[in-house]
Amino acid sequence: MAAKLSLSGPPDSDLSSTSNLSVSSRSSNRSLRVAEKERKKKEAEDPFVLALKYFSDVEAGTPVNGNDEVERNMVLVETLAYSKGLSPEAVSVMLEFAMSLRMGTSLCARVLKCLIPATLVPQEAVVRAVVWLSVGKIPVSTQILFIKWVLTVFDMIDAKNQLRAVYGFIFNFVTEENLCPFICHLLYLLTRKESVRVFRVRKLLELQSRLGRQPFLLNLLSLYKVFCPEMVMLSIPSRIKSGFRNHNMPWKSALIAVQKRAGPQLAGPQVASGSSPTSTTIKTNPRKRKRCHLEVPVMSSVVSKEAQTEPSSCGKVVPLVQLHSFAQLLDNMHRIELPAQMGSLLGSSLALHYLDCVQDESALLRLNFWLGYALHEEFLFCGDEGASQNSEEALQFLDKLLSTQQFLQEGFSCSEAFLYKFLNVWDGSLLRPQILGLLSNIPVVPSSQIRQLLFEPLMQLFFTSSLFFKCGLIECLNNMLLKWLTWHSVYALEDDLDISLNSHTSINMTLSGFKDSVMELVDFVGRLASLSLRLEGCHSLLLSFVLDFYETVCDMFIKYGLPLVVMPPPGVFYPALFATDPVSVDRLAYIMHRYKVNLTSAKSQEKLTKQAFHISRQTVREFNHYIIVMVNCLWNSKMFQLDMGLSLGEELLLKTKVPQYSASFDLVHHPAFMSYAVDFHHRCWPGRKDMDLNSIKHSKPWSWYLEFLFSQGFDGLKQFVESNVGRQLPADEGQGDSQST
341 MAAKLSLSGP PDSDLSSTSN LSVSSRSSNR SLRVAEKERK KKEAEDPFVL
391 ALKYFSDVEA GTPVNGNDEV ERNMVLVETL AYSKGLSPEA VSVMLEFAMS
441 LRMGTSLCAR VLKCLIPATL VPQEAVVRAV VWLSVGKIPV STQILFIKWV
491 LTVFDMIDAK NQLRAVYGFI FNFVTEENLC PFICHLLYLL TRKESVRVFR
541 VRKLLELQSR LGRQPFLLNL LSLYKVFCPE MVMLSIPSRI KSGFRNHNMP
591 WKSALIAVQK RAGPQLAGPQ VASGSSPTST TIKTNPRKRK RCHLEVPVMS
641 SVVSKEAQTE PSSCGKVVPL VQLHSFAQLL DNMHRIELPA QMGSLLGSSL
691 ALHYLDCVQD ESALLRLNFW LGYALHEEFL FCGDEGASQN SEEALQFLDK
741 LLSTQQFLQE GFSCSEAFLY KFLNVWDGSL LRPQILGLLS NIPVVPSSQI
791 RQLLFEPLMQ LFFTSSLFFK CGLIECLNNM LLKWLTWHSV YALEDDLDIS
841 LNSHTSINMT LSGFKDSVME LVDFVGRLAS LSLRLEGCHS LLLSFVLDFY
891 ETVCDMFIKY GLPLVVMPPP GVFYPALFAT DPVSVDRLAY IMHRYKVNLT
941 SAKSQEKLTK QAFHISRQTV REFNHYIIVM VNCLWNSKMF QLDMGLSLGE
991 ELLLKTKVPQ YSASFDLVHH PAFMSYAVDF HHRCWPGRKD MDLNSIKHSK
1041 PWSWYLEFLF SQGFDGLKQF VESNVGRQLP ADEGQGDSQS T
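Counting in the numbering used here, the sequence shown tops out at residue 1081, every number present.
Treat the hints with caution; some may be incorrect.
Restraint ranges, calculated between C-beta atoms of paired labels, are given here [to be verified]:
| no. | residue 1 | residue 2 | range |
| --- | --- | --- | --- |
| 1 | T804 | S593 | 36 to 42 Å |
| 2 | S1035 | K943 | 40 to 46 Å |
| 3 | R791 | L460 | 46 to 52 Å |
If you're looking for bench data, these hints aren't it; they were derived computationally from the structure.
Glycine included, every Cβ here is placed at the ideal spot set by N, Cα and C.
Start from the sequences and build out the full structure, keeping to the hints where you can.
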C-alpha cells in the first residue's frame, strides 16, 4: 500500500504543475484581452478617431450651415494636421470625404488645405480622388487645388504604379485650359517611355498652336522628345524657362513644421520629384524667402514596399536604392527604377555612374529641374539674413553639387541659368570658392551674349573687390577656358565644321562661333589683367595667376587643336618682363617659347596640307616685337631703344644717374636675377674685394653664368634662349646676337 502511494505521488505533482501553467496562461490571456479592450475603449473615446468616423460615415446631403458637429470635428482634424500631420488612414478618409462632395463644395477646399501628411500618402486614395475629378461637380478652382496638393506630396506617395496605370485618364484633362499647366506638371513626373504616344504628341502640339509656346507644354514635349525623338519633330528651344512653377505654397510652412517635429525619420523636405526643397517661412514678399533646407534628400524607392519583398512582381524594374556595388549596377543597368526624389542622386556614387554610363536624358531633365529650383529659391530669392544663418548648410550643398559636376566632367544647365542671375546680386564674398567653382563649369557662351551674361557683372565685382578675389576670378576664368578647350578637343567632329559642346544638351556651335567665344574670353581676361596689375602694383601673386592663364592660351593650337593664336597684351607682357621675382620672368620666357612652337607648327601645316588656319599678320608682328624686346633686354643689353616700342627720352634717362642704363635689365643686372649674379661672382672670384658684375659678361664667365642660372631650375628661360638666341658669343663683347624671328 505504501508502494502504491509512493508511485501515485509523481503523477499528482505533474497535474499540479500543468494546472498552474494553465492558470498562468489564462491569466495572461485575460490581461491581454483587458488591455486590448481598454485600448479600444480609449480609441473609441479619442475625439480625433470619432471625428474621422464622422467624416467616414456622414451621409451625402448632410447640411453644413448651422451644423455644429461638423464644425467641431473639422477643427479637431485641422488642429492635429497642422501640429503632427495626418496618418495615411486619416489622409484617405479626409480625401475621400472632400472629393466625393458628400457635404457640398464648401468644405472641399478647406479639407484639401489641411491635408498635411505625417509620413506617407496612400496611392489608392490619390487614384480614387483622381477618378472623382471626372464627376464634373467639383469647381475648377478646387480641382486646381487638388492637383497642386498632389504635386506637393508626390514624393510622399507610397507607390506610383497605379497612378501611371491611369496616365491616359489624367492626360485627358490637358484640354481644360485652367488645369493644363498643373496637369502637364503631373504628367511630367509620371511619364515613362511607354507613356509617349503619337496621339498625345498631336494633342500637345494642337494645344500649343492654340495657347502659344507655353513653358509647361514645351517642357512636357521636351521630355517626350527625349524618350521618342522620332515622334516629336518640333524644335525645342535650348533656353526655355526651366521646370514648372512652384505650386506648394498653401502647404509649404505646415509640411516643414510637421517634418521638423517628426525628427530624423523624415530627413529633408518632401516635395514633388524634380521640384525644389521647401523653406520654412513665408514673408509678405514672396520673392524674399529664407534658406532653411538644402540637404540632399535620402534615396528612396518609388516601388511599394510590398513589391520590394516579392522579386517576381518586381522583375521588370530594380530600385536604385537596392543596389550596393558597381557589379550589381552593371547587371541591372537597363532595369533600374530611379529614386522617388531626384536630388538624392547627388549623394550616391552608383547613381552618378548610372547617369554617366547610360546618359538617361529623362533623369538629367528631372535632376536639372530639382537643382534649378533649389538654387533659385534658396539662394537667388532668399533674404540677406537667410544666407548668414545657413552658410554651413549652403556650403555643404554647393560642395556636393561641385563634386557631382567634377565626377560627370560637365556642369548642369540649371546652375548655368542660376549663375547668370546670381552674378548680378552677388557681393563677391558669400560662398566665393563654391560660386567660382560653379562658374568655371559654365559651357561655351555665344559671343553675342557673353558680354551681357558674364563680363559686365564680373567686371563690376572684379574692380570693387580685394586682391584675393581678383586672383580667384582669374583662376576661375582659366579653368573655364580649359574646360572649353577640352570640350572642343573631345567633341569636335572629324570635319571640324561643328562641335557639340555638351554630350547631354543640344547646344551646337560652328567652329568660327566657338573661336569667337574663346577670343572674347581671352580678350576680356587680358583687359582685366592689364588694369588690375596697374591697380595692385604688379603684385607677384596676381601676376602668377595671370601667367597661369596665358600658359593655357599659348598652347591652344598644339594641345587642343584649336586654330587660334592670341598674344598677351602689353599690360601683361611688360610687368612680367620687369618683375622683381625670377619665377615670373622665367614663366614669361616659357610662354613666349610655346608661342613660337605653336606658330611654327601652324605655318608648317599650312605649307604641307594647305588646310591649316591663316595666321594674321598682326599676330605675327606682335610676336616678333615681343621676341625682339626680350632678346634685346635680357641678352643684348639694348634696353630703351627707339624701335622697341618702350622708350624714354635720353634727358630723362640721364637724370636717373644710372650708369649703363641700357644694360639695366639684362640677365646680370635685372632685379630678378641680380642676387644670382652676385652669388655667381662670389663663387667665380672668391678673393676679389671689388665686385664688378660686368666681368660676368666676358666669354667664358658668361657661359658659366648661363649654366649656373639654368641649374637653378629656370627651364623656361633655358628653352627661350635655346630657341631664340644664338649661343656663339663674340670674343670682344661676350654677348650673343639675336636670331631673326
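Structure-based check of all given hints:
| no. | hint | result |
| --- | --- | --- |
| 1 | T804 to S593: 36 to 42 Å | holds (38 Å) |
| 2 | S1035 to K943: 40 to 46 Å | holds (41 Å) |
| 3 | R791 to L460: 46 to 52 Å | holds (51 Å) |
Of the numbered hints given earlier, the model fails none.
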